[in-house]
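Sequences and hints are given; from them, build the entire structure.
Each chain, written out:
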Amino acid sequence: MRVTVRLPTHLDLYTGGERTLSLTLAPGACLRDALAGVEARHPGLRFRIVDEQGAIRRHIKIFVGNAVATGLAQPLAEGETVMVVAALSGG
Amino acid sequence: MAETVLLVGTRKGFWLLRSADRQRWRLEGPQFLGHVIYHVVLDPRDRRSLLLATSTGHLGPSVFRSQDLGGHWEEAATPPAFRREEGGRSVGHVFWLTPGHASEPAVWYAGSSPQGLFRSEDGGANWAPVAGFNDHPSRRDWCGGDQDGTPDGAKLHSILVDPRDPRHLYLSMSGGGSFESHDAGADWRPINRGVRADFFPDPYPEFGQDPHCVRLHPARPERLFQQNHCGLFRRDADGGDWQDIAPPAEADGTRLDIGFGLALHPRDPDTLWTFPMDATDVWPRVSPGGRARVLRSRDAGASWTTLGNGLPQTQAWLTVKRQALCADAETPAGVYFGTTSGEVWASADEGDSWTCIARHLPEIYAVEAAHPA
Chain A
0 MRVTVRLPTH LDLYTGGERT LSLTLAPGAC LRDALAGVEA RHPGLRFRIV
50 DEQGAIRRHI KIFVGNAVAT GLAQPLAEGE TVMVVAALSG G
Chain B
0 MAETVLLVGT RKGFWLLRSA DRQRWRLEGP QFLGHVIYHV VLDPRDRRSL
50 LLATSTGHLG PSVFRSQDLG GHWEEAATPP AFRREEGGRS VGHVFWLTPG
100 HASEPAVWYA GSSPQGLFRS EDGGANWAPV AGFNDHPSRR DWCGGDQDGT
150 PDGAKLHSIL VDPRDPRHLY LSMSGGGSFE SHDAGADWRP INRGVRADFF
200 PDPYPEFGQD PHCVRLHPAR PERLFQQNHC GLFRRDADGG DWQDIAPPAE
250 ADGTRLDIGF GLALHPRDPD TLWTFPMDAT DVWPRVSPGG RARVLRSRDA
300 GASWTTLGNG LPQTQAWLTV KRQALCADAE TPAGVYFGTT SGEVWASADE
350 GDSWTCIARH LPEIYAVEAA HPA
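Chains as they are written, first to last, in numbering that gives the first Met the number 0: chain A, 0 to 90; chain B, 0 to 372.
Treat each hint with caution, since some may be false.
Claimed, not checked - Restraint-style ranges between C-beta atoms, simulated for each label pair:
1. G70(A) x N125(B): 21 to 31 angstroms
2. G53(A) x D243(B): 25 to 35 angstroms
3. P7(A) x G289(B): 18 to 28 angstroms
4. R5(A) x D267(B): 42 to 52 angstroms
5. P26(A) x S340(B): 50 to 60 angstroms
6. A72(A) x G86(B): 51 to 61 angstroms
7. D151(B) x P7(A): 18 to 28 angstroms
8. D151(B) x A76(A): 54 to 64 angstroms
9. D237(B) x A72(A): 47 to 57 angstroms
10. P7(A) x A328(B): 37 to 47 angstroms
11. G70(A) x G309(B): 36 to 46 angstroms
12. R358(B) x G16(A): 26 to 36 angstroms
To be verified - Sample of chain A residues with no beta-carbon within 10 angstroms of chain B, all distances over it, derived:
13. T3
14. H9
15. L10
16. T23
17. P26
18. G27
19. R31
20. G36
21. R40
22. P42
23. I48
24. E51
25. I59
26. A76
It should be emphasised that the hints constitute simulated quantities derived from the structure, not laboratory data.
The beta-carbon is built from N, C-alpha and C at its ideal position, and this holds for glycine as well.
Next comes the structure, spelled out in structure tokens:
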């Protein structure tokens, strides 16, 4: 199955500016698999989104389609778009 | 005279100040613009490797390495992170970096917020938690809860390696106190006898104090100096008690013994500098009375001199954080501090006179002096 991952500018350091990734995942893949696919292409990026306890970092949201993902086990559908949104706030 | 380089970490990036004569300085940067840079340290063992502790907004912490003074950077393949466990902690930011013992040229230590200790054995490429501290049965008692930390998170800092013994380590925590290990970090014990914690019912507890910066001089490694939330202290012997070395309050009652940083002389173990800040009522943490002054002792804290020549003496409300006061290795020693208002001040005569060598930078978190190879 194919999914698209869209990344914020905050992660340009890892991707060289590539903000839309097309991934081919095994049927039945979940969000965790998509992030593993991103990590394989851009090492170090996953740890910017998910901490060492496996939790999505504070103030980062991951959308699957138009809904906020509830966890990394969330299944993905063929053609799904995953969007990582990183808040930067304050002065 | 070797080139002197100041490694300036700020809340918005990393800058270098470079000088061949310590009179004319060239500002280079920014690098990592927009990233929070907590500490940048040149490896004194090869005088070439640079380690930089950063985090970016909410993207979490990391460590970067450079072999060419920041021309190229490589991120740690395994940044400092706690062991994965149910309900486990995650590193908010890497706050402090310390090179290992001279006999262990690839070893580095890192301190984090929340308080954790990490070690790399490959020059900072891969980091592992030091289980002897992070999983110590007393760690929760020592570290306290979230409310015991500084406003932006409790810090583990002032990681010191005894030059006589690579297995003898110290660390300090805001809050929590100072601790030492004689077995390379496998076990730890508090070393706070004589250090005041006047915010507690028992002002001299076994642990729980708030050391801001602890330094060890390689020429006299059995001695420690401490700038604490509650004053200035010195410990002269292994296993000994701390002595209060605060200067007397000034005639108008102004205390000069409160601050964050503490810098030692490159050769003389009796000379040190601090940057006094206002600790009245709600702890404003700015130069007392709006007069920027540095404090120097030539006799290990028995007596102190206030130094203000060249520093602004009216309406100067400077804050200097704990990694932002340092000395270089030249003769006479240069002394430097960076302010949260983005200025770097330098003295090429051991603090007798001062010049502002950079301004308009973002909030400065760290200034380290180095002499690259």
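P7(A) paired with G289(B), Cβ distance criterion 18 to 28 angstroms: Cβ of P7(A) to Cβ of G289(B): about 42 angstroms, so the range 18 to 28 angstroms is violated.
Supplied distance hint 37 to 47 angstroms, evaluated on CB atoms of P7(A) and A328(B): Holds - the Cβ-Cβ distance for P7(A) and A328(B), about 43 angstroms, lies within 37 to 47 angstroms.
C-beta pair D151(B), A76(A): status relative to the range 54 to 64 angstroms that was hinted: Roughly 41 angstroms apart at Cβ, these two residues miss the hinted range, so it is violated.
G86(B) and A72(A) - C-beta distance against the hinted 51 to 61 angstroms: violated, 18 angstroms
Satisfaction of the hinted span 21 to 31 angstroms by the C-beta atoms belonging to G70(A) and N125(B): holds, 28 angstroms
Status of the stated non-contact between P42(A) and chain B (beta carbon gap over 10 angstroms): violated, 7 angstroms
Verdict for D151(B), P7(A) (Cβ pair) under range 18 to 28 angstroms: Since the Cβ atoms of D151(B) and P7(A) sit about 23 angstroms apart, the hinted range of 18 to 28 angstroms holds.
Status of T23(A), Cβ more than 10 angstroms from any chain B Cβ: The claim holds: T23(A) sits with its nearest Cβ about 25 angstroms from chain B, beyond 10 angstroms.
Whether A76(A) stays farther than 10 angstroms from all C-beta atoms of chain B, as the label says: The assertion about A76(A) holds, with a minimum of 28 angstroms to chain B.
Verdict for D237(B), A72(A) (Cβ pair) under range 47 to 57 angstroms: The hint (47 to 57 angstroms, Cβ to Cβ) holds, given that D237(B) and A72(A) are roughly 52 angstroms apart.
Verdict for G53(A), D243(B) (Cβ pair) under range 25 to 35 angstroms: This hint is violated: roughly 47 angstroms between Cβ atoms.
Status of the stated non-contact between H9(A) and chain B (beta carbon gap over 10 angstroms): violated, 6 angstroms
Checked against the numbered hints given earlier, the structure breaks hints 2, 3, 4, 6, 8, 11, 14, 15, 22, 23, 24, 25 and satisfies all the rest.
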